[in-house]
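J.: The listed protein sequences derive, respectively, from chains A and B. Numbering follows our numbering, in which position 7 of the first sequence is assigned residue number 7; successive positions increment by one, without gaps. Numbering follows our numbering, in which position 99 of the second sequence is assigned residue number 99; successive positions increment by one, without gaps.
In case anyone wonders, no lab produced these hints; they're calculated from the structure. Note that this is a predicted model, so its numbers are computed, not measured. For every residue, glycine included, the Cβ atom is placed at its ideal position computed from N, Cα and C. Some hints here could point you the wrong way.
Incomplete in silico selection of chain A near chain B, CB under 8 Å [claimed, not checked]:
#, residue
1, L43
2, F45
3, E52
4, F65
5, F91
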Amino acid sequence: NAGVMQNPRHLVRRRGQEARLRCSPMKGHSHVYWYRQLPEEGLKFMVYLQKENIIDESGMPKERFSAEFPKEGPSILRIQQVVRGDSAAYFCASEITGGHHYNEQFFGPGTRLTVL
Amino acid sequence: EDQVTQSPEALRLQEGESSSLNCSYTVSGLRGLFWYRQDPGKGPEFLFTLYSAGEEKEKERLKATLTKKESFLHITAPKPEDSATYLCAVRRWGKFQFGAGTQVVVTP
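Next up, chain A with everything else stripped away, as it sits in the complex (with noise of 0.2 Å):
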């Protein structure tokens, strides 16, 4: 049973540009989470997505970031225009019901995103 997969593992970007980050759940997970990792500091919050349905995007930017779990596919974290603030690692995580308590959410490997 395959894990959680990330893509693309390194992202480098320009300033202004997009970046688009995508995450495929373990099979049977039908609920995603995003964090941003900084290089020295913990795990921080960015949104909870259902299928077609985001749950809590309280972590979340206000502006140039976006999130989407579509029925069919990946869950996608885009990034418009981005600047140099935003490099970091983006990790995703899956489980297999939404909020309860005690699930573990399992971790794929990151995307490592560097804006030049």
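Let chain A serve as the given structure and place chain B on it in line with the hints.
T.: What follows is chain B alone, placed relative to chain A:
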């Protein structure tokens, strides 16, 4: 807002030298507490979930315990392959809140 604080920030151990990592939390009601291990350049790997105060779980050289205000991750007779950053997290309304982690280095 819930707070999760891990200490120490970094820990250097000799192989075989046992030690403990601390995770203290302030939440409005005890929720599941989670421990993860993260190797450089990789995603966090799930280790344990603790559900209630007094609970303990073990996996190889690792043992996690939970009280009403903190959790400990005990590393017994560590080996170099135990070198990693150990993260703890609490959960509220779906999303995890992580501590900053403890970076553990075990030297031969």
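J.: A separate judgement is required for each hint: does it hold in the structure or not?
T.: Consistency of the hints with the structure:
no. : hint : in the structure
1   : L43  : holds (4 Å)
2   : F45  : holds (4 Å)
3   : E52  : violated (17 Å)
4   : F65  : violated (16 Å)
5   : F91  : holds (5 Å)
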